[in-house]
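Here the protein sequences line up with chains A and B, keeping their order. Residue numbering for the first sequence follows the numbering used here, beginning at 1 and increasing consecutively. Residue numbering for the second sequence follows the numbering used here, beginning at 1001 and increasing consecutively.
These are calculated hints, taken from the structure and not from any lab test. Fair warning: this is a prediction, and the values are worked out from it, not measured in the lab. Just so it is clear, CB atoms sit at the ideal spot from N, CA and C, and this is done for glycine as well. Wrong hints could be hidden among the right ones.
Pairwise CB distance ranges (calculated) [claimed, not checked]: (1) A/TYR188 x B/ASN1026: 44 to 54 angstroms; (2) B/GLU1187 x A/ASN212: 52 to 62 angstroms; (3) A/GLN151 x B/LYS1131: 43 to 53 angstroms; (4) A/GLY23 x B/VAL1112: 14 to 24 angstroms; (5) A/HIS92 x B/LYS1198: 48 to 58 angstroms.
Partial list, derived from the structure: chain B residues whose beta carbon lies under 7 angstroms from chain A [what the hints assert, rightly or not]: (6) ASP1068; (7) LYS1072; (8) LYS1129; (9) GLY1172; (10) VAL1175; (11) GLN1256; (12) LYS1300; (13) THR1302.
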Amino acid sequence: MNILVCIKQVPDMESKFKISSDGQWYDQSDLTFKINEYDEYAIEESVRLKEKLGNAEVVALSIGPERTKEAIRKALAIGADKGVHVLDNESHKKDPFQIASIIANYAKDKNFDIVFLGMQSQDRASAQVGPILSELLGYNCVTTIVGFEYQDGKVNVKRELEGGIKAKVSAKLPVVLTCQLGLNTVRYPTLPNIMKAKKKELVTINVSELLNEQPRVVNLQAYIPEKKKGGIVLEGKADEMADKLISILKEKTQVLR
Amino acid sequence: MKALLVGEYKNGHIDESFYELVSFANSIGASSVGFIVAPLDAKPEYDGKVYIADINKSKDYNPKVHKDLILKLVEKENPDVVIFSHSSYGWDLAPRLAAALKAGQVSEVIGVDNGEYIVPFCNAKLRRKVKPNTPKAVLTLQSGAFAPLKNNTAQIEPLDYTEEDANLEFQGYEVSEKTGVDLTKAEVIVSAGRGVGKKENIEIVRSLAKALKGELGASRPVVDAGWLDGSYQVGTTGQTVAPKLYVACGISGAIQHLAGMKKSNFIVAINKDKDAPIAEVADVFVVADLLEFIPVLTSKLTK
């Protein structure tokens, strides 16, 4: 079985963000980047499937600047067999349709049976790339999965809906699956596997070889929103803050008397 | 400008989010028609035409069948923009439709400024203004971003469909077990988020909940990590709550969590990151390491 897992490198969401000098995105300098959390579940699930089947290969693909290789190396350390780095210093300027079309151009003649992706990225959060990719490749697609099982040429998945409800869906291969948080428990790569990952194949393809589409959505401006609500901010010593908070709760709520 | 509004039928009625689409279309001065897969006798409170495909003819949501229905409607009505709610239905279906229409899609719109759509990014810490440059566009709207608008009873036009999709099969629902905690009835909820760091630290938050005579809740990452079970989860995929007091401990405030608790009467956030989006809804924001602050607060409350 051929498995593709698509991953993205994103900044730590607890970072202090600044707007980039061109006013279009966040400033990428001084940020710590890591694998998009949703994609970690996608990597883990693809590696689990490979381990279960034995006769399978997992290709981990990522689009972005040079630093993106770290994310691919981590996927290789978790257990992917081969890495593909689509080198693009301006990947953040591509819209979800362009990203999907780059992946589709890479994947179209490689007969992948299952493509795993995160259901969205933590930075852009469009949740579009997976379903668009499925349309471009003519694959089935189930989004937001929280349960996965492969059986006899089909996948049985649980798709998360609202209010604690899940839909059980079975889909024929080939299929694109987008992973929701909590799909599995992601392993920590062991030191021997980190060493092994350094020897695994990691090919670099320039984005110009795979991109032949214009954006369908134009990015006009990025900005930091004004703080909407003037809530009270308490800072300082724990003891003083606790006293202050208790007196506020006594005054403003009926729960403390 | 003409809009096709794609509503949802859930839990025996037309979901409120449909009326948010109506209000949005109104606010951008677009004329609109609706489309919902629902029972034919559903009565949308909408001043216009709604195409209804009979929900009883299908087992459940099938993306290809729904996409083809909308494509046919797009051909018939020729809208400039097709609008969904950014829900599990909308974010699944909208990109498929956008790809088929070769249309640009903007996800999770929270506002419009002079024809430019405003969307959040980086966990709602930042905003972008964007604009599709295709003849048709597809939008999903953030749930709750636009006040619902209802009036009259719609003119219903039944829409036939017989098509099936053999590639995807719906096999039923699974409802997560409730293990006793009905957070919707609690007057005080103290919720733990990722910021608690590890499972053992949940007890620190639980003690505060006890001191406030409230229930313990959790945000999604805590449940995903297995620190608490799903019945504790507050948010769109868990329980939607509105207690008298909600204390968010180490919760950054992802939109899915905010949507589940922002109607609480009084909200206290305890977080190290002053810029965390939870600040937007907090009445009091305590900038502190919860592991240091909460034990102090709890001991004062129990004295």
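Hint by hint, here is what the structure shows:
1. A/TYR188 x B/ASN1026: 44 to 54 angstroms: Distance hint for A/TYR188, B/ASN1026 holds at roughly 51 angstroms.
2. B/GLU1187 x A/ASN212: 52 to 62 angstroms: holds (59 angstroms)
3. A/GLN151 x B/LYS1131: 43 to 53 angstroms: holds (45 angstroms)
4. A/GLY23 x B/VAL1112: 14 to 24 angstroms: Because 20 angstroms falls inside the window, the suggested range holds.
5. A/HIS92 x B/LYS1198: 48 to 58 angstroms: Violated, at about 33 angstroms.
6. ASP1068: Nearest chain A Cβ about 12 angstroms off; hint violated.
7. LYS1072: violated (17 angstroms)
8. LYS1129: holds (4 angstroms)
9. GLY1172: Since the shortest Cβ distance to chain A is 5 angstroms, the answer is holds.
10. VAL1175: holds (6 angstroms)
11. GLN1256: Nearest chain A Cβ about 9 angstroms off; hint violated.
12. LYS1300: With a minimum Cβ separation of about 5 angstroms from chain A (threshold 7 angstroms), the hint on B/LYS1300 holds.
13. THR1302: At about 12 angstroms, which exceeds the 7 angstroms cut-off, the nearest Cβ of chain A leaves the hint on B/THR1302 violated.
Checked against the numbered hints listed earlier, the structure breaks hints 5, 6, 7, 11 and 13; every other hint is satisfied.
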